[in-house]
Amino acid sequence: MSAQYQVTLEWGAAAMRATAADVVVIADADRGAATEELHDLAPRTSLVLDATLASASAVARAALDEQERRGDRVSIGIVAAGDRWDDGSLRPSAADLLVAGRVVDELADLGIDFHSPACAVACAAAVGLRGATEALVAAEAASRQPTDHRAGAAR
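Numbering (UniProt numbering) for the sequence shown: 1 to 155.
Treat the hints with caution; some may be incorrect.
[Unchecked claim] Quick list of simulated restraints, FRET-style, between CB atoms:
#	residue 1	residue 2	range
1	Q4	S143	30 to 40 Å
2	W85	G111	15 to 25 Å
3	A62	P117	19 to 29 Å
4	Q4	A132	11 to 21 Å
5	T45	A135	12 to 22 Å
6	A139	R69	34 to 44 Å
7	W85	R17	14 to 24 Å
8	R130	G71	30 to 40 Å
Worth flagging that the hints you see were computed from the coordinates, not collected in a lab.
Beta carbons: idealized from backbone N, C-alpha and C, even for Gly.
Turn these sequences into a full structure, and let the hints guide you.
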């Protein structure tokens with residue numbers, strides 16, 4: 001038996017296709033191409049919000065505002081964008097997990113705290129790494145940039 005959590009966290013396009021949430025949050029640290037793909041797959045009946053580290057607080061507030069506007073509890077589906085491997089499959093991103101966790105933490109601060117275990121893990125990571133989050137996001141982005149290993153070999 002599974003609980004119907006108010007806030008859930010899943011990954012990538014498959015999660016977006018499966019969600020029926022009232023509010024969908026796309027967690028994408030670098031606002032890459034995946035964000036646009038996910039927007040195209042979002043349910044037409046959902047409010048879709050884009051979250052980065054900088055916007056997590058505003059996104060949480062917008063979700064709460066939507067709940068207040070509707071006058072009833074809304075479901076919030078956080079979809080972590082992730083990256084793609086060369087074969088096109090999903091490559092989870094620590095940066096996107098930290099963005100999702102930051103949103104979950106901000107939602108909890110606003111009183112929306114009935115979240116799934118995946119949300120709890122992401123939140124714990126974001127809170128526990130709060131002082132290093134921006135450096136970790138930057139380091140992951142740098143590590144995923146294509147490099148030309150031949151340039152150093154020519155010396």
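Going down the list of hints, with the structure as the test:
no.	hint	in the structure
1	Q4 / S143: 30 to 40 Å	holds, 37 Å
2	W85 / G111: 15 to 25 Å	violated, 38 Å
3	A62 / P117: 19 to 29 Å	holds, 24 Å
4	Q4 / A132: 11 to 21 Å	violated, 34 Å
5	T45 / A135: 12 to 22 Å	violated, 38 Å
6	A139 / R69: 34 to 44 Å	holds, 39 Å
7	W85 / R17: 14 to 24 Å	holds, 19 Å
8	R130 / G71: 30 to 40 Å	holds, 34 Å
Hints 2, 4 and 5, counting from the list given before, are not met by this structure.
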